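Enquirer: Residue strings, one per chain:
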Amino acid sequence: MDKIQLSLLEQVADLHEVPEGAYSLRIDGVLYGKRSSENIEIVKKEDKPGIDIIIKPGTKNESVHIPVLLSQTGLKELVYNDFHIGEGADVTIVAGCGIHNGGDGDAEHSGIHSFFVGKNARVKYIEKHYGEGDGNGKNIMNPETVVEIDEGGYMEMQTAQIKGVDSTCRKTTARLKKDATLIVHEKLMTHGEQFAETEFEIDLDGENSGTHVVSRSVARDHSRQKFLSNIRGNNRCSGHTECDAIIMDNASVIAIPEILANHVDASLIHEAAIGKIAGEQLIKLMTLGLTEKEAEEAIVNGFLK
Amino acid sequence: MLELRNVSYRVENTEILKDINLKIDDRFVAITGPNGSGKSTLAKVIAGIFVPTSGQILLDGEDITNLSITERANMGVSFAFQQPVRFKGLTVKDMISMAAGEKLSISTACTYLSEVGLCAKDYINREINASLSGGELKRIEIAMINARGTKLSIFDEPEAGIDLWSFNNLIRVFEKMHERTHGTILIISHQERILDIADKVIVLVDGRVDTYGAKEKVLPGLLNVNAGCRFTKGE
Ligand SMILES: Nc1ncnc2c1ncn2[C@@H]1O[C@H](COP(=O)(O)OP(=O)(O)OP(=O)(O)O)[C@@H](O)[C@H]1O
Ligand SMILES: [Mg+2]
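Heads up: the sequence lines are chains A and B, in that order. Here the numbering used here is used: the first residue of the first sequence is 1, the next is one more, and so on. Here the numbering used here is used: the first residue of the second sequence is 1, the next is one more, and so on.
Read the hints as simulated data drawn from the structure, not as lab findings. Please note: incorrect hints may appear among the correct ones.
[As the list claims (entries may be wrong)] Calculated lysine-lysine pairs in the PhoX-like style (CA-CA distance at most 20 Å, straight line): (1) A:76 / A:128; (2) A:187 / A:171; (3) A:293 / A:305; (4) A:293 / B:215; (5) A:163 / A:128; (6) B:215 / B:23; (7) B:103 / B:121; (8) A:45 / A:34; (9) B:23 / A:305; (10) B:88 / A:293; (11) A:45 / A:124; (12) A:178 / A:119; (13) B:88 / A:305; (14) A:187 / B:88; (15) B:88 / A:276; (16) A:119 / A:171; (17) A:124 / A:305; (18) A:305 / B:103; (19) A:138 / A:226; (20) A:48 / A:60; (21) A:293 / A:163.
[As the list claims (entries may be wrong)] DEER-style ranges, computed between Cβ atoms: (22) A:301 / B:121: 20 to 28 Å; (23) A:292 / B:54: 35 to 43 Å; (24) B:161 / A:193: 42 to 50 Å; (25) A:192 / B:62: 36 to 44 Å; (26) B:108 / A:44: 48 to 56 Å; (27) A:279 / B:221: 37 to 45 Å; (28) B:175 / A:214: 41 to 49 Å; (29) A:242 / B:220: 49 to 57 Å; (30) A:104 / B:121: 28 to 36 Å.
Note that this is a predicted model, so its numbers are computed, not measured. The C-beta atom is built at its ideal place from N, Cα and C for all residues, glycine as well.
Go ahead and model the full structure; you've got the sequences and the hints to work with.
Expert: Below, the structure is given as structure tokens:
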């Protein structure tokens with residue numbers, strides 16, 4: 001790995017080197033390295049780019065890292081990663097994509113991640129997207145996440161895209177069985193001329209299934225954001241989405257919530273709020289000695305922390 | 001010393017502060033007066049949140065009338081709001097650190113919280129959001145001003161929402177703060193017990209300084225001011 005790649009790796013995965021334990025590292029369109037552990041098997045797909053991550057039932061407190069780095073301009077790739085999380089396992093998966101685009105061609109990474117969360121399994125999925133580079137080429141990321149959670153399973157997704165991604169279209173679809181839970185925390189910041197769209201489509205099929213989607217975003221400069229969510233309650237279940245956006249400068253944000261109850265005991269809530277930083281918040285921090293700009297930064301950083 | 005010279009503040013066609021002249025130099029100075037008499041507005045004019053329509057404000061002889069909120073804060077003006085502001089995401093520790101102007105160790109931040117009667121470990125990582133109660137928020141606001149430790153600290157109705165048990169502790173906080181800063185503590189209050197610790201009391205009525213003087217002189221006449229309140233005269 002060269003310097004740029006190492007720094008990307010740090011940005012998206014907080015790693016300074018190839019991680020311990022099971023991992024798969026993809027650099028510039030090829031599998032750079034992978035390692036399976038006793039309980040977590042990583043298998044390269046034969047028919048298309050991507051890997052299968054197979055986690056044995058009952059695996060506890062293990063983690064797997066699967067960062068993707070792009071440092072070549074003009075590179076476009078579509079990768080399929082499938083996660084099979086065995087019954088009763090409890091694992092953390094750290095994914096992330098970093099692009100350094102120093103040229104004039106667009107660099108694009110699209111990943112389709114499918115999760116099969118077994119009965120009573122728990123998985124924490126952390127994903128960071130980051131872009132940099134001074135060329136005119138755009139950094140594009142289009143992640144798609146498909147989630148199926150079996151009875152009693154639990155998945156928590158933490159996604160963050162804070163800097164440097166020019167265009168993103170994120171789609172998450174999920175299907176939950178009995179007693180299954182899906183929690184999503186999304187953080188997003190766009191600046192410059194960036195565009196970000198994020199869409200959730202969640203089917204609460206099983207009895208006592210539940211989901212909570214929390215999206216916090218900041219749109220600055222001329223950037224545009226679109227938030228779509230569609231939660232369908234098809235059984236006794238609970239669903240809650242919160243979309244909370246700070247809008248600044250000349251940005252534009254649209255939130256389109258949809259909740260659909262197909263069952264009398266489906267309890268669904270959507271909250272959406274878009275607004276600029278409250279004047280009194282700025283004033284409060286200024287009375288503590290911060291300049292207006294510093295106050296703005298502190299509020300935005302806190303909001304996205 | 002804080003000095004206001006002929007300070008007026010007008011919004012559209014209403015004059016909210018009218019020709020205020022004050023020299024404030026004591027340890028504890030209380031501002032009291034009927035609701036709507038202009039107390040909070042006066043505090044905001046001193047902190048730089050509102051710019052007076054006319055008149056001058058001087059801090060230690062320096063004209064600060066045209067200085068920004070930030071500049072005044074850095075010169076030593078602190079202001080605890082009547083209605084503290086909530087922030088999504090910022091924690092109690094973040095706010096106290098910003099107030100102190102440096103990254104604080106957990107233990108230092110905790111000291112400020114304990115002083116206002118909050119069990120520090122329960123609060124230090126809480127967000128300053130809607131989940132905090134009104135009284136908790138008020139106490140955190142006071143802790144922030146305490147952490148700043150500036151030569152002029154203005155508290156806008158600090159006792160509001162604070163339970164009776166904590167009242168004496170609150171007064172202790174002010175006393176300790178003064179021991180540390182040797183500055184002036186300006187407290188807007190309707191509470192007799194707070195007025196009672198003041199060296200001097202300012203009575204604002206209808207945007208004007210009605211009375212300003214030693215507590216012993218002002219307090220006895222205070223009930224008459226309230227009795228003569230213009231609200232009851234149907235103005
Ligand atoms: N932006 C404004 N436009 C018009 N009137 C205002 C504005 N801001 C304040 N006022 C009025 O100015 C007067 C003084 O308000 P201020 O908040 O200073 O009163 P106060 O003495 O602090 O009252 P309280 O004891 O209720 O806190 C009130 O009558 C209020 O309605
Ligand atoms: Mg007031």
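Enquirer: Each hint: holds or not?
Expert: The hints, checked one at a time:
Proposed proximity of residue 76 (chain A) and residue 128 (chain A) is supported: the alpha carbons are some 19 Å apart, at most 20 Å. The straight-line distance between the Cα atoms of residue 187 (chain A) and residue 171 (chain A) is roughly 14 Å, inside the 20 Å bound, and the hint therefore holds. For the hint pairing residue 293 (chain A) with residue 305 (chain A), the CA-to-CA distance comes to about 18 Å; that is within 20 Å, so the pair holds. The suggested pairing of residue 293 (chain A) with residue 215 (chain B) is violated, with an alpha-carbon distance near 42 Å, which exceeds 20 Å.
Taking the CA atoms of residue 163 (chain A) and residue 128 (chain A), the gap is about 10 Å. The hint holds against a cut of 20 Å. Restraint check: the Cα-Cα separation between residue 215 (chain B) and residue 23 (chain B) comes to about 15 Å, which is no more than 20 Å; the hinted pair holds. Distance check on the hinted pair: residue 103 (chain B) and residue 121 (chain B) sit about 17 Å apart at the alpha-carbon level, within 20 Å; holds. Taking the CA atoms of residue 45 (chain A) and residue 34 (chain A), the gap is near 13 Å; set against the 20 Å cutoff, the hint holds.
Distance check on the hinted pair: residue 23 (chain B) and residue 305 (chain A) sit about 44 Å apart at the alpha-carbon level, beyond 20 Å; violated. Of the pairs offered as hints, the one joining residue 88 (chain B) and residue 293 (chain A) holds, with about 18 Å between alpha carbons and a cut-off of 20 Å not exceeded. For a cut-off of 20 Å, the pair hint linking residue 45 (chain A) to residue 124 (chain A) is broken: about 23 Å separates their Cα positions. Of the pairs offered as hints, the one joining residue 178 (chain A) and residue 119 (chain A) holds, with about 10 Å between alpha carbons and a cut-off of 20 Å not exceeded.
Restraint check for residue 88 (chain B) and residue 305 (chain A): the C-alpha separation of about 10 Å stays at or below 20 Å, so the hint holds. In summary, the hint linking residue 187 (chain A) to residue 88 (chain B) is supported, as the alpha carbons are separated by about 13 Å, within the 20 Å threshold. Annotation: proposed proximity of residue 88 (chain B) to residue 276 (chain A) holds, straight-line Cα distance about 13 Å (limit 20 Å). For the hint linking residue 119 (chain A) to residue 171 (chain A), the alpha-carbon distance of about 24 Å lies beyond 20 Å, and the restraint is violated.
Note on residue 124 (chain A) and residue 305 (chain A): the hinted pairing holds, with a Cα-Cα distance of about 18 Å set against a maximum of 20 Å. The hinted pair formed by residue 305 (chain A) and residue 103 (chain B) meets the criterion: a straight-line CA distance of about 17 Å does not exceed 20 Å. Proximity of residue 138 (chain A) to residue 226 (chain A) is assessed by CA-CA distance (about 19 Å); at most 20 Å being required, the pair is judged to hold. A C-alpha spacing of about 30 Å is found between residue 48 (chain A) and residue 60 (chain A), which places the hinted pair above 20 Å, so the restraint is violated.
Proximity of residue 293 (chain A) to residue 163 (chain A) is assessed by CA-CA distance (about 18 Å); at most 20 Å being required, the pair is judged to hold. At about 24 Å, the CB distance of residue 301 (chain A) to residue 121 (chain B) agrees with the hint of 20 to 28 Å. The hinted range of 35 to 43 Å is not satisfied by residue 292 (chain A) and residue 54 (chain B), whose Cβ atoms lie roughly 25 Å apart. A hinted range of 42 to 50 Å holds for the C-beta pair residue 161 (chain B) and residue 193 (chain A), which are about 46 Å apart.
The hinted window of 36 to 44 Å between residue 192 (chain A) and residue 62 (chain B) holds, with their beta carbons roughly 42 Å apart. Under the hint 48 to 56 Å, the C-beta atoms of residue 108 (chain B) and residue 44 (chain A), about 53 Å apart, fit the expected range. Remark: the range hint 37 to 45 Å for residue 279 (chain A) to residue 221 (chain B) is upheld by a beta-carbon distance near 39 Å. Restraint check, residue 175 (chain B) to residue 214 (chain A): a C-beta distance of roughly 44 Å satisfies the suggested window 41 to 49 Å.
For the hinted restraint 49 to 57 Å between residue 242 (chain A) and residue 220 (chain B), the CB-CB distance of approximately 55 Å keeps it satisfied. Taken as a hint, the range 28 to 36 Å is violated for the pair residue 104 (chain A) and residue 121 (chain B), whose Cβ atoms sit roughly 54 Å apart.
The structure fails to meet hints 4, 9, 11, 16, 20, 23, 30 from the earlier list, while all remaining hints are met.
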